[in-house]
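These are the residues of each chain, in order.
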Amino acid sequence: AQRVTQPEKLLSVFKGAPVELKCNYSYSGSPELFWYVQYSRQRLQLLLRHISRESIKGFTADLNKGETSFHLKKPFAQEEDSAMYYCALSGNTGGFKTIFGAGTRLFVKA
Amino acid sequence: NAGVTQTPKFQVLKTGQSMTLQCAQDMNHNSMYWYRQDPGMGLRLIYYSASEGTTDKGEVPNGYNVSRLNKREFSLRLESAAPSQTSVYFCASSEAPGAVYGYTFGSGTRLTVV
Chain W
3 AQRVTQPEKL
13 LSVFKGAPVE
23 LKCNYSYSGS
33 PELFWYVQYS
43 RQRLQLLLRH
53 ISRESIKGFT
63 ADLNKGETSF
73 HLKKPFAQEE
83 DSAMYYCALS
93 GNTGGFKTIF
103 GAGTRLFVKA
Chain B
419 NAGVTQTPKF
429 QVLKTGQSMT
439 LQCAQDMNHN
449 SMYWYRQDPG
459 MGLRLIYYSA
469 SEGTTDKGEV
479 PNGYNVSRLN
489 KREFSLRLES
499 AAPSQTSVYF
509 CASSEAPGAV
519 YGYTFGSGTR
529 LTVV
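Top to bottom, those sequences are chains W and B. When we follow the working numbering, the leftmost residue of the first sequence carries the number 3, and every step to the right adds one. When we follow the working numbering, the leftmost residue of the second sequence carries the number 419, and every step to the right adds one.
The set of hints was computed from the structure by calculation and includes no laboratory data. Values in this document were obtained by computation on a predicted structure and should not be read as measured data. Built from N, CA and C at the ideal position, the CB exists for glycine as well. Careful, some of the hints might be misleading.
The following label-pair restraints were derived from C-beta to C-beta distances [as the list claims (entries may be wrong)]:
#1 Thr472(B) <-> Ser32(W): 23 to 33 Å
#2 Ser525(B) <-> Lys11(W): 15 to 25 Å
#3 Arg5(W) <-> Ala500(B): 20 to 30 Å
Next comes chain B alone, as it looks inside the complex (with noise of 0.2 Å):
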């Protein structure tokens, strides 16, 4: 029961870089989050996507962009790596929009941007 995986677990960057976070869900959910976590500020919604085929902006998504790949998967793109990106990434799915149900998260990635 993987239910949200996400890859890689750490990564430091140094600025300029670009880099890729992968996300899959095998619960057959329709909708996808990807999510900062900084220290004092909650979670922040990046980019999301209520069903395959479509993403839509959230809060933060500024020097971000999504692909969601096929519906079991939905990555995140850094083209132009800067420190204020250094944060933890968490991506979560649910079975449609609105989580009545709630999320399910994956562990999260560690970013490092020096």
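Next comes chain W alone, as it looks inside the complex (with noise of 0.2 Å):
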């Protein structure tokens, strides 16, 4: 089954310090994953995608097929990416539909 887990419900991390979030799969074909971000008050707005290999707005994630894993990390946090982030999957099993994880609620404190 299809599947997206996020195990942190909530990440708390100081300004300058690391941060990790995690998104581990499950997925029989090759997924496109993706993670969106939803500041306050505002829509979903798309991160970053896996195949474009980019960095936005300082972050960055590898598909590790091996782990099932799409971790988003970025090596110093700022208090603007205080957000609700996603990981999602989509593919071509099932139809084509992106699936959510539950969501981390990321607070960069000062």
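Since each chain comes alone in its own frame, lean on the hints to assemble the complex.
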């Protein structure tokens, strides 16, 4: 079965500290993985996609097929990074739907 | 650049009332989706439309119906609202099924059923 697991509901770090938001997935085919971010009172927006191997706002994520993980990392957290982060998976199994994890709320303290 | 527009933004219903949530996108996207967002459960897919003229059930379709009115519009209807349908509803669109380029989301509708 397709599943996305974000084990941490809340992650609190100090400004300037490294941050890693964990995401593990279960999928039988070749998935497309994404991270979405939702700032307070704003709509969800795409942060990055694994296929583009990009860095957005200092965040990176590497797809590890062996560990079935797609953790989101940033070396130095900023207060404006405080938001809800969702890991998501899409693929050609099950009708091309995108499945979201339960989300991790990141709180960056001054 | 409106993107995905949802109406209304807020709604309070009494148990048993019906309502339709509207969603429109101006990006010429083929695929559209309705999700509900509940604390601790993330986003769960209610219904989706891979292309104009098609609709399919998602993970939690019970109590809902949808209509893909045309390429731009995808509405979600609650025929007889229940308190369990209190949630934030998001509409999203993508160029094609599989969403290789990701989704574009609307701003959400916060629905309370009392």
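Evaluation of the provided hints:
1. Thr472(B) <-> Ser32(W): 23 to 33 Å: Since Thr472(B) and Ser32(W) have Cβ atoms about 24 Å apart, the given range 23 to 33 Å holds.
2. Ser525(B) <-> Lys11(W): 15 to 25 Å: 24 Å Cβ-Cβ, so the 15 to 25 Å window holds.
3. Arg5(W) <-> Ala500(B): 20 to 30 Å: For Ala500(B) against Arg5(W), whose Cβ atoms are near 27 Å apart, the range 20 to 30 Å holds.
Checked against the numbered hints above, the structure violates none of them.
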